[in-house]
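Full structure from sequences and hints, please.
What follows is each chain in one-letter form.
There are 2 protein chains.
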Amino acid sequence: MFNPRGVAIIGASRKPGKIGHEILKNIIEYGYKGEIYPINPKADEILGKKVYKSILEVPGTVDLAIIVIPAKFVAEVLEECGKKGVKAVAVISSGFGEVGRHDMEEEIVEISKKYGMRLLGPNIFGLFYAPTQLNATFGPKDILQGNIAFITQSGALGIALMGWTILENIGLSAIVSVGNKADIDDDDLLEYFSKDEKTKIILIYMEGVKNGPRFIKIAKEVTKNKPIIVLKAGRSKRGAMAAASHTGSLAGSDTIYSAAFKQTGILRAMNVAEAFDWARAIAELPPPEGENTIIITNGGGVGVMATDACEDYNVKLMNLPEDLAQEFRKYMPPFGSVKNPIDLTGQASEKEFAGALKTALKDDRIHAVILLYCQTAITDPNSLADAIINVIKENGKTKPLVISMVGGKECAEAMKKLNLKGLPAYPIPERAVSSLGAYMKWARYIGKI
Amino acid sequence: MFNPRGVAIIGASRKPGKIGHEILKNIIEYGYKGEIYPINPKADEILGKKVYKSILEVPGTVDLAIIVIPAKFVAEVLEECGKKGVKAVAVISSGFGEVGRHDMEEEIVEISKKYGMRLLGPNIFGLFYAPTQLNATFGPKDILQGNIAFITQSGALGIALMGWTILENIGLSAIVSVGNKADIDDDDLLEYFSKDEKTKIILIYMEGVKNGPRFIKIAKEVTKNKPIIVLKAGRSKRGAMAAASHTGSLAGSDTIYSAAFKQTGILRAMNVAEAFDWARAIAELPPPEGENTIIITNGGGVGVMATDACEDYNVKLMNLPEDLAQEFRKYMPPFGSVKNPIDLTGQASEKEFAGALKTALKDDRIHAVILLYCQTAITDPNSLADAIINVIKENGKTKPLVISMVGGKECAEAMKKLNLKGLPAYPIPERAVSSLGAYMKWARYIGKI
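Chains W and F are the protein sequences, given in the same order.
Taking our numbering, the leading residue of the first sequence gets 47, the next gets one more, and so forth.
Taking our numbering, the leading residue of the second sequence gets 47, the next gets one more, and so forth.
Hints in this document: simulated from the structure, not taken from any laboratory.
There could be a bad hint or two in this list.
As the list makes no split between identical chains, a pair holds if one copy fits it or if it spans any two.
EDC-like cross-link-like pairs, simulated, lysine to aspartate or glutamate; straight-line CA separation at most 20 Å [said to hold, decoys possible]:
| id | residue 1 | residue 2 |
| --- | --- | --- |
| 1 | Lys-404 | Glu-214 |
| 2 | Lys-362 | Asp-426 |
| 3 | Lys-283 | Asp-358 |
| 4 | Lys-246 | Glu-214 |
| 5 | Lys-266 | Glu-81 |
| 6 | Lys-362 | Glu-335 |
| 7 | Lys-404 | Glu-237 |
| 8 | Lys-308 | Glu-81 |
| 9 | Lys-283 | Glu-357 |
| 10 | Lys-455 | Glu-214 |
| 11 | Lys-246 | Glu-81 |
| 12 | Lys-462 | Glu-214 |
| 13 | Lys-129 | Glu-368 |
| 14 | Lys-256 | Glu-373 |
| 15 | Lys-455 | Asp-188 |
| 16 | Lys-362 | Glu-440 |
| 17 | Lys-263 | Asp-231 |
| 18 | Lys-385 | Asp-369 |
| 19 | Lys-408 | Glu-337 |
| 20 | Lys-263 | Asp-234 |
| 21 | Lys-283 | Glu-337 |
| 22 | Lys-362 | Glu-152 |
| 23 | Lys-408 | Glu-335 |
| 24 | Lys-99 | Glu-81 |
Structural data, given as structure tokens:
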């Protein structure tokens, strides 16, 4: 499914705006290198590609078929896919279990099984996989490549979040719309991404799981290897009812989900911003080797707020041994503080920040760094971003470093620069601390710290 | 202090970058209409303004003096201010209580009292007041005017947040840096802003209060009239220690603060983003007349998440009476839902959104509306923003409406447009719900609902 030699788009369309057109266009324009076979009995060429009347007429190998035709014709086409030797089908079409047609859903699963094909969907927006440059979705085209595999049960939300990751400069290794989960479920994908080299972290938007015990069993194995973040919607009673009418998920008691997540070491995010905040940090940073964290700041207020957040998210601020405190004193005026938050004061320029950061990276007693900046006239955010990037270039990304820059437009631009360089930066200190806290929690679960 | 006939800047400087220059420049450029008197014994003209050697030489009335000279000279200059008949002084200078010189701080308070002057600071970045176009700060110049009065104990954070409000299109009626609070304290400002017509909501960043009982007494009165949001840093034990070394605040037990906030109806925000999210909604929207809330959405997933958030933030989703459900059914396909979340489905265009919103605004049984949008190819975010703005133009802002648009760049732009029109819009549903929840909480406290 992710590394197909050839892809057929059954229901490819000439008309821009049609799903069967947009998916084909995304596949071509995102640069997929394998063979592309549009299937449509009424067309000869679409977007410069030769069109086949049926998948059975395709000369080459088809490993993946994307199906974009009305529900009632899907079964017939699946038979053809089976005969052609297709390995996986992604059924974009809706009109199955989610509208009560469980019979039709069962039928297409049975056909797939008969031919040994795996089925993704139905009722999905497609899939994306960075290593093969395969964007077989009808979402945005310019997905940023990175190390986060994103699995979503909600289609509309998934597409909207694709746009959001582009806006927020978040890189993805894969996106999978699982829809009705008639065959392929979260647990199958966890198994795959656990071994996938490109993926460092798996993020799931979930309204319900189909097979609880199997999910727990697999998740338990996977988290030992890679962190899993789950955003489980339908936590509240009314939310669970809404989920039931949305994806037909029997959300079940949230207490059970909570217990399962805890038992498997899954990191549970409470909203999409938090989920991607965490994913960004974990995807980009090495795991912590210990608990000792320091805050380096030029603003007392943000230092205090971050300190509060450290307690909220269980990030442990160390007391500096005297020799280390002495090192940091080099980078601050006499009224600075080494009590951690290490307060370089409002007089700190990028030089003091760079000096303190270098000290923090070099000393083995420090395991993680939270760097905070409050916009001042003395240091411009862009110079500070450059200084941080340089320190990391020289010293390596040897320990987790999360950054927050509080201020205006210039801060937003500097943070964009940092994020694009793989240095997670957040507009408020709490989001930086929360992200580090999630990483610490996982590292504790697997016994690393 | 806020409506001075004349302002003196004692320590005005010719050199760009110097605080005594930047404050003068901001006062001139932001358009303050009263008289401006730079004071500097060694200059004749700065930024086109005649300079006086001493405040005693100024011919006209000076109601407010901004003092930007080294700490050791402040006392002498205050005596002169007193003789000149100045009503209020804002002491920007640091080097008082915050570095242990409580003696010097007491001295300047005594001099002020002797002459009946009120003293703001010391150790502050100044003040801003929208109605008189007075930007007497050394922060950013282009502050957006609005209805939020922002009081901050932290200077660096305050300046950084000034930039942030510009970036986020948040309008302010006033900004006051209270610094060491040697004389003017949060409670004095609460009394003032409670009666200030331009101010609809008061937001305080606080590390500690000086006079707890007085603060509680006044806050209790003020909240009956206007909501107060407090971001109290130093919640944790280590955070309280950091606050003590930052502003010298004895943060005290957080339990005491929590109880005080609860008792006075103060809304406690946990971070700056939350504080300004709430403030924006409260500043722009009419208070709720009841508890009955509906969610209108085009995405099931965001609807479920918002429903969860309603439980978290105590926002009450109503069950629609059948006649009302019937009304909403007009704006959705048969597989839509009127179970609240009202799911217009992914097929909804701006027309369906507008129709549903109009219905919600017109029916008196509905008291508040949460409108959610998941970016789709069917409706572009900009058209939806225009449609919402039009509905509000025609029907009036008669009840609280919070919006969330999940998606990419186009959503960010559409939300900017909505925010600039006074329609609070947030990138994730939870922030919209949390803001409405804060308003509901206040309305409950004062017995309005």
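Up to 20 Å CA-CA - Asp-358 versus Lys-283, copy category: between (26 Å within a copy, 11 Å between copies)
Identical-chain pair category, Lys-256 with Glu-373, by Cα at 20 Å: Cα proximity of Lys-256 and Glu-373: none, with 55 Å in one copy and 36 Å across.
Intra- versus inter-copy proximity for Glu-368 and Lys-129 (alpha-carbon distance at most 20 Å): Classified as neither; 74 Å inside a copy, 51 Å across copies.
Within, between, both or neither: Lys-263, Asp-234 at alpha-carbon 20 Å: within (12 Å within a copy, 60 Å between copies)
20 Å Cα threshold - placement of Asp-188 relative to Lys-455: between (24 Å within a copy, 12 Å between copies)
Same-copy or cross-copy closeness of Lys-408 to Glu-337 [CA-CA at most 20 Å]: within (16 Å within a copy, 56 Å between copies)
Within, between, both or neither: Lys-404, Glu-214 at alpha-carbon 20 Å: neither (28 Å within a copy, 33 Å between copies)
Identical-chain pair category, Lys-362 with Glu-440, by Cα at 20 Å: neither (27 Å within a copy, 54 Å between copies)
Homo-oligomer pair classification [Glu-214, Lys-246; C-alpha up to 20 Å]: within (19 Å within a copy, 33 Å between copies)
Same-copy or cross-copy closeness of Lys-263 to Asp-231 [CA-CA at most 20 Å]: Cα proximity of Lys-263 and Asp-231: one copy only (14 Å, versus 58 Å across).
20 Å Cα threshold - placement of Asp-426 relative to Lys-362: neither (30 Å within a copy, 45 Å between copies)
Intra- versus inter-copy proximity for Asp-369 and Lys-385 (alpha-carbon distance at most 20 Å): Intra 13 Å, inter 64 Å, cutoff 20 Å: intra-copy only.
Violated hints, in rising order: 1, 2, 5, 7, 8, 11, 13, 14, 16, 22; the structure is consistent with all others.
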